[in-house]
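Chemist: Top to bottom, those sequences are chains A and Z. All letters in the first sequence, in the order written, are residues 1 to 269 by my numbering. All letters in the second sequence, in the order written, are residues 1 to 192 by my numbering.
Hints are computed from structural coordinates only; laboratory data are not their basis. Model, not experiment: these values are computed from the prediction. For each residue, glycine too, the CB sits at the ideal point set by N, CA and C. Among the hints, a few may not be true.
What the hints assert, rightly or not - SDA-like mimics (lysine to any residue), calculated; alpha carbons at most 20 Å apart, straight line: (1) Lys142(Z) to Asn229(A); (2) Lys184(Z) to Val8(A); (3) Lys14(Z) to Val8(A); (4) Lys17(A) to Val16(Z); (5) Lys184(Z) to Pro212(A); (6) Lys11(A) to Glu7(Z).
Claimed, not checked - Computed Cβ-Cβ distance ranges for the label pairs, DEER-style: (7) Gly142(A) to Ala130(Z): 26 to 32 Å; (8) Phe214(A) to Met33(Z): 18 to 24 Å; (9) Phe46(Z) to Gly142(A): 32 to 38 Å; (10) Glu7(Z) to Glu26(A): 50 to 56 Å; (11) Lys142(Z) to Asp183(A): 43 to 49 Å.
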Amino acid sequence: MNFSAHRVRTKTRAAVKRREDDVEIEEMESGELNLIPYLDMVTNLMLFLLASVSAGLILVQIDTTLPDKAPPNPTNVTQPSTNPDDQPLKLFVSIKKDEMILWSASGLEGTLTQPKAVFRRSGKDGDACDGPYMCESNVCDGQKQACVASREIPQVVFDYRGLNKALVEIATRRYAGKQRKTDTYQIILQADGSIPYSTIVSAMSAMRCVLPEFGKEVAGCALPTDDENLKKAKEPISPDGKLYDTARASYDPKKMALFHEIAFSSGFE
Amino acid sequence: MSFTRREARSIIRKAVGRVPEGEEIRHLNIMPMMDMMTILLVAFIFQAATSATAMTAGTVALPRALSDDELPEGASTLIITRNGIVVEGKSIVAVSNGDVDAAEKEGGSLGIKIPRLTNFLAALRGEEEAKKRLIPGYDPAKAPPPELMIIADRTTPYRLLLQVMFSAKQKEAGYKHFRLIVQKSYPMKPSK
Numbered sequence: 001m002n003f004s005a006h007r008v009r010t011k012t013r014a015a016v017k018r019r020e021d022d023v024e025i026e027e028m029e030s031g032e033l034n035l036i037p038y039l040d041m042v043t044n045l046m047l048f049l050l051a052s053v054s055a056g057l058i059l060v061q062i063d064t065t066l067p068d069k070a071p072p073n074p075t076n077v078t079q080p081s082t083n084p085d086d087q088p089l090k091l092f093v094s095i096k097k098d099e100m101i102l103w104s105a106s107g108l109e110g111t112l113t114q115p116k117a118v119f120r121r122s123g124k125d126g127d128a129c130d131g132p133y134m135c136e137s138n139v140c141d142g143q144k145q146a147c148v149a150s151r152e153i154p155q156v157v158f159d160y161r162g163l164n165k166a167l168v169e170i171a172t173r174r175y176a177g178k179q180r181k182t183d184t185y186q187i188i189l190q191a192d193g194s195i196p197y198s199t200i201v202s203a204m205s206a207m208r209c210v211l212p213e214f215g216k217e218v219a220g221c222a223l224p225t226d227d228e229n230l231k232k233a234k235e236p237i238s239p240d241g242k243l244y245d246t247a248r249a250s251y252d253p254k255k256m257a258l259f260h261e262i263a264f265s266s267g268f269e
Numbered sequence: 001m002s003f004t005r006r007e008a009r010s011i012i013r014k015a016v017g018r019v020p021e022g023e024e025i026r027h028l029n030i031m032p033m034m035d036m037m038t039i040l041l042v043a044f045i046f047q048a049a050t051s052a053t054a055m056t057a058g059t060v061a062l063p064r065a066l067s068d069d070e071l072p073e074g075a076s077t078l079i080i081t082r083n084g085i086v087v088e089g090k091s092i093v094a095v096s097n098g099d100v101d102a103a104e105k106e107g108g109s110l111g112i113k114i115p116r117l118t119n120f121l122a123a124l125r126g127e128e129e130a131k132k133r134l135i136p137g138y139d140p141a142k143a144p145p146p147e148l149m150i151i152a153d154r155t156t157p158y159r160l161l162l163q164v165m166f167s168a169k170q171k172e173a174g175y176k177h178f179r180l181i182v183q184k185s186y187p188m189k190p191s192k
């Protein structure tokens, strides 16, 4: 018995279709889970969650205190016989809307009426910068190392490097090479109520340690401590260079804190 | 053209043989990958959930500063956003135009104490103390003073910062030491 080509073709098509259906049924009945939709969903979720996580932020801290309100204390007056370098200088950094002044309540480093140094506002577009903290626009062009305009809320910027330089000069002149007393590290920060937080923290950074040279990375400085373990240790500076024993180490303003005990003040009464 | 039965069967067998077999991957162990994916998912969802309250209160643009002191461990966290003050993930008071509403301050618009914040911090401190007392050998007299980490938006006015610190420093709450959290600033240099 012979078959025509048409009949053979029809039978072949029917047989192929049956085989394809069988393969599909076998796949479905084999018990294997189809994980492709699950993997698609998980991958999409992962990408979405990864994108929503803010990455690359390195957070650091600056410590401070809020001093108690105290009435004038006549017994707290510095004795004239005391060495000026052993007395707390009672330094103040006052930030006004248009200028920042450095002065001292003790009168040893300028007074409120005749401050030690006055710093004007800076950070205009085009001014030199090595970070956004130096620009009113909060944007520093890395290529030009200059402040550029932005749509961000403008911040109040002062010559923080000038403030740092003045404090380094005071610390060097008074304490370099000597054993600096622990109560000489205090400085008081007072600011106009409208001065933004960004200005406050930039000024605080300039008070704590010597700032790195323009364009260089911050190296930090060692802080004075009363840690008993360090007092017993052979070296007066901790192995990580973060703490030092004031009773044994001679003061080096390039490696040690300038005026790190920063207290906030709301003003005078 | 015609075919014998044998030829027709041969043609059909060949055509059926060309149908691809179903793909069966029998030896791929995807369990470790699924474990890893599930752990990552849970971690991300947990992180998103814990920061959800802070996000609803507004985002915080941290100021940058030249500091390299590492973050403290175990301190309570207070966040000042442009829209509110959040402590340990709970929104305490609203902030508008850089100030707390006068009704929230003791003494009205010129007041500097925010009682609601002081009370919340006092309760928080009480809970922390209770937890610490459960630790064997814990001596409150020798314990370091409580610290408060302040994370504030860069536009936060000094006035509001002082109000927050003053409220936290009240006898009931007793936070005397504050750590201001900032974003580390790296020097910007022209690329070579």
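Chemist: If a hint holds in the structure, say so; if it does not, say that too.
Modeler: Hint check results:
1. Between Lys142(Z) and Asn229(A) the alpha-carbon distance is near 16 Å, which keeps this suggested pair within the 20 Å criterion.
2. The suggested pairing of Lys184(Z) with Val8(A) is violated, with an alpha-carbon distance near 79 Å, which exceeds 20 Å.
3. Proximity of Lys14(Z) to Val8(A) is assessed by CA-CA distance (about 12 Å); at most 20 Å being required, the pair is judged to hold.
4. Between Lys17(A) and Val16(Z), the direct Cα distance comes to roughly 9 Å. Compliance with the 20 Å bound is thereby established for this hinted pair.
5. Taken as a hint, the Lys184(Z) and Pro212(A) pair is honoured in the structure, with Cα atoms around 14 Å apart against an allowance of 20 Å.
6. Among the hinted pairs, Lys11(A) with Glu7(Z) is consistent with the structure: their alpha-carbon atoms are about 13 Å apart, no more than 20 Å.
7. Between Gly142(A) and Ala130(Z), the C-beta spacing of about 50 Å breaks the proposed range 26 to 32 Å.
8. Look at Phe214(A) against Met33(Z): about 49 Å separates their beta carbons, and that is not inside 18 to 24 Å.
9. A C-beta distance of roughly 36 Å is found between Phe46(Z) and Gly142(A), which places it inside the suggested range of 32 to 38 Å.
10. Distance hint for Glu7(Z) and Glu26(A): a CB-CB separation of about 29 Å, inconsistent with the stated range 50 to 56 Å.
11. Hint check: Lys142(Z) to Asp183(A), Cβ distance near 24 Å, so the stated range 43 to 49 Å is violated.
Of the numbered hints stated above, those contradicted by the structure are hints 2, 7, 8, 10, 11, listed in ascending order.
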